[in-house]
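Participant: Okay, so the sequence shown: first residue is 1 according to the working numbering, each after it adds one.
Keep in mind the hints are simulated off the structure, nothing from the lab. Certain hints may be false.
[What the hints assert, rightly or not] Quick list of simulated restraints, FRET-style, between CB atoms: (1) Arg56 - Val33: 26 to 34 Å; (2) Thr45 - Ala24: 16 to 24 Å; (3) Asp64 - Asp30: 29 to 37 Å; (4) Thr45 - Val22: 15 to 23 Å; (5) Val41 - Pro20: 13 to 21 Å; (6) Pro20 - Val42: 15 to 23 Å; (7) Lys35 - Gly61: 24 to 32 Å; (8) Pro29 - Ala53: 28 to 36 Å; (9) Val41 - Asp64: 18 to 26 Å; (10) Thr46 - Gly18: 26 to 34 Å; (11) Val41 - Ala63: 27 to 35 Å; (12) Ala60 - Leu28: 16 to 24 Å; (13) Asn65 - Arg44: 26 to 34 Å; (14) Gly18 - Val51: 28 to 36 Å.
Idealized CB from N, CA, C, for every residue including glycine.
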Amino acid sequence: MDKTENRRKPGRPRSGSGEPEVYATFRLPDSLVQKVRMLAVVERTTQREIVIAALREYLAGRADNC
Numbered sequence: 001m002d003k004t005e006n007r008r009k010p011g012r013p014r015s016g017s018g019e020p021e022v023y024a025t026f027r028l029p030d031s032l033v034q035k036v037r038m039l040a041v042v043e044r045t046t047q048r049e050i051v052i053a054a055l056r057e058y059l060a061g062r063a064d065n066c
């Protein structure tokens, strides 16, 4: 594969991947950050996975209300 074939715009999914790539940076309140950290320890998972699961649940709830 040469360099031109491997180029793709940021945020576009790779061919054959299950989910599109989305990169977002945002600040959470300190109290929420601490809750996420504690939950990550209790659930034995990563903070990233907890935030992703919470966002999925939130968006699913919004889709039901539309």
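Participant: All hints, please: hold or fail.
Facilitator: Structure-based check of each hint:
1. Arg56 - Val33: 26 to 34 Å: Since Arg56 and Val33 have Cβ atoms about 19 Å apart, the given range 26 to 34 Å is violated.
2. Thr45 - Ala24: 16 to 24 Å: Holds: the Cβ-Cβ distance is about 20 Å, inside 16 to 24 Å.
3. Asp64 - Asp30: 29 to 37 Å: holds (31 Å)
4. Thr45 - Val22: 15 to 23 Å: holds (20 Å)
5. Val41 - Pro20: 13 to 21 Å: violated (30 Å)
6. Pro20 - Val42: 15 to 23 Å: Check failed, 30 Å falls outside 15 to 23 Å.
7. Lys35 - Gly61: 24 to 32 Å: violated (19 Å)
8. Pro29 - Ala53: 28 to 36 Å: violated (19 Å)
9. Val41 - Asp64: 18 to 26 Å: The hint (18 to 26 Å, Cβ to Cβ) is violated, given that Val41 and Asp64 are roughly 31 Å apart.
10. Thr46 - Gly18: 26 to 34 Å: violated (18 Å)
11. Val41 - Ala63: 27 to 35 Å: The hint (27 to 35 Å, Cβ to Cβ) holds, given that Val41 and Ala63 are roughly 31 Å apart.
12. Ala60 - Leu28: 16 to 24 Å: holds (20 Å)
13. Asn65 - Arg44: 26 to 34 Å: Holds - the Cβ-Cβ distance for Asn65 and Arg44, about 32 Å, lies within 26 to 34 Å.
14. Gly18 - Val51: 28 to 36 Å: Check failed, 19 Å falls outside 28 to 36 Å.
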